[in-house]
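Could you put together the complete structure from these sequences and hints?
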Amino acid sequence: MADVYRWRLAPDGLATRRQLRSMGLRPGGQDVVAELHRPRRRKAPLVAYLYRIDHAKPVRPMTPARAAALAAAIRARRTCPNCRLDAGYCIPRSLGMCVPCHNTR
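First residue of the sequence shown? That's 541 in our numbering, and the numbers climb one at a time after it.
Please note: incorrect hints may appear among the correct ones.
Stated by the list, open to error - Across the chosen pairs, the derived CB separations fall in these ranges:
| no. | residue 1 | residue 2 | range |
| --- | --- | --- | --- |
| 1 | 625 | 572 | 40 to 50 Å |
| 2 | 564 | 642 | 34 to 44 Å |
| 3 | 564 | 605 | 13 to 23 Å |
Keep in mind that the hints were calculated from the coordinates and are not lab data. Here the structure is a predicted model, which means the values were calculated and not measured. Beta carbons are placed, not taken as given, at the ideal position from N, Cα and C, and that holds for glycine.
And the structure:
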């Protein structure tokens with residue numbers, strides 16, 4: 541079981557995935573070292589997983605193939621399956637089609 545810390549009370553040397561990413565790092569396959577719990581009223585606490593900064597690895601560079609794959613995935617999320625047009629935004633999964641197509645149903 542990982543150590544559990546309350547919000548803003550984690551020791552130095554630990555970071556979340558987002559914090560690692562802002563430093564140009566990634567967890568690099570290491571296990572979660574600790575959890576950070578942020579209490580909420582009448583709800584379960586928010587949980588953030590913490591990783592050791594000294595064991596983190598640098599982010600892999602973006603290659604042309606990865607950039608092309610990412611562009612294709614974003615294009616697929618923006619294309620309406622009904623009218624086959626680029627909606628200009630990511631299609632909401634709850635609708636399954638662009639807003640104009642959903643409103644004409």
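Could you check the hint for me, namely that residue 564 and residue 642 are 34 to 44 Å apart, CB to CB?
The hint (34 to 44 Å, Cβ to Cβ) holds, given that residue 564 and residue 642 are roughly 40 Å apart.
Range hint 40 to 50 Å (beta carbons of residue 625 and residue 572) holds or violated
43 Å Cβ-Cβ, so the 40 to 50 Å window holds.
Do the beta carbons of residue 564 and residue 605 sit within 13 to 23 Å of each other?
For residue 605 against residue 564, whose Cβ atoms are near 21 Å apart, the range 13 to 23 Å holds.
Consistency with the previously given hints is maintained throughout, with no hint failing.
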